[in-house]
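**Student:** Read in order, the letters of the sequence shown correspond to residues 1 to 62 in full-length UniProt numbering.
In case anyone wonders, no lab produced these hints; they're calculated from the structure. A virtual CB, placed ideally from N, CA and C, is assigned to each residue, including glycine. Do not rely on the hints blindly, as some may be mistaken.
[Stated by the list, open to error] Distance windows between CB atoms, simulated:
id, residue 1, residue 2, range
1, Ile-33, Arg-3, 40 to 46 Å
2, Glu-27, Val-51, 34 to 40 Å
3, Glu-4, Trp-34, 16 to 22 Å
4, Gly-55, Met-32, 32 to 38 Å
5, Met-47, Glu-4, 26 to 32 Å
6, Trp-13, Gly-55, 27 to 33 Å
7, Leu-9, Tyr-48, 28 to 34 Å
8, Met-6, Val-51, 27 to 33 Å
9, Val-37, Arg-3, 32 to 38 Å
10, Trp-25, Leu-50, 19 to 25 Å
11, Met-6, Gly-55, 17 to 23 Å
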Amino acid sequence: MKREKMGRLLVFWVLVILVLVGVCWIETSTDMIWTYVVAMSVVNGCMYILVLLLGGERWKMK
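Sequences and hints are given; from them, build the entire structure.
**Tutor:** Pasting the structure below:
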C-alpha cells in the first residue's frame, strides 16, 4: 500500500516537472511548430498517465 502511494507521488511530481519544463520551453522557444509539438506531447503524456491511474483504481474496485 505504501509503495503504491509512493508511486503515485512520483508520477505526480514527474507530471509537475514535465508541465514546468513545457511552460519554460514555450516561454523561451521562438519556433512555434516545435512549441506546439512539445505542448501536445506533454498534454498527451499527462492524459495517458491520468487514465492509467484512474483505470487502475477502477480495476481494483471490481
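**Student:** Glu-4 and Trp-34, beta-carbon distance inside 16 to 22 Å?
**Tutor:** violated, 36 Å
**Student:** Look at the Cβ atoms of Glu-27 and Val-51 and judge whether their distance stays inside 34 to 40 Å.
**Tutor:** violated, 28 Å
**Student:** Do the beta carbons of Trp-25 and Leu-50 sit within 19 to 25 Å of each other?
**Tutor:** holds, 21 Å
**Student:** A range of 27 to 33 Å was offered for this pair. Does it hold for the Cβ distance of Trp-13 and Gly-55?
**Tutor:** violated, 20 Å
**Student:** Is 40 to 46 Å a correct range for the gap between the Cβ atoms of Ile-33 and Arg-3?
**Tutor:** For Ile-33 and Arg-3 the Cβ distance comes to about 41 Å; the hint holds.
**Student:** Lying within 27 to 33 Å: is that true of the beta-carbon distance Met-6 to Val-51?
**Tutor:** violated, 20 Å
**Student:** Taking the beta carbons of Leu-9 and Tyr-48, is their distance inside 28 to 34 Å?
**Tutor:** Given about 18 Å between the Cβ atoms, the range is violated.
**Student:** Quick one: are Val-37 and Arg-3 within 32 to 38 Å, going by C-beta?
**Tutor:** holds, 35 Å
**Student:** Quick check: does the Cβ-Cβ distance between Met-47 and Glu-4 fall within 26 to 32 Å?
**Tutor:** violated, 21 Å
**Student:** The hint says 32 to 38 Å between Gly-55 and Met-32; measuring C-beta to C-beta, is that right?
**Tutor:** Since Gly-55 and Met-32 have Cβ atoms about 34 Å apart, the given range 32 to 38 Å holds.
**Student:** Given the hint of 17 to 23 Å, check if Met-6 and Gly-55 actually sit that far apart at their C-beta atoms.
**Tutor:** holds, 19 Å
Hint compliance for this structure: hints 2, 3, 5, 6, 7 and 8 are broken, all remaining hints hold.
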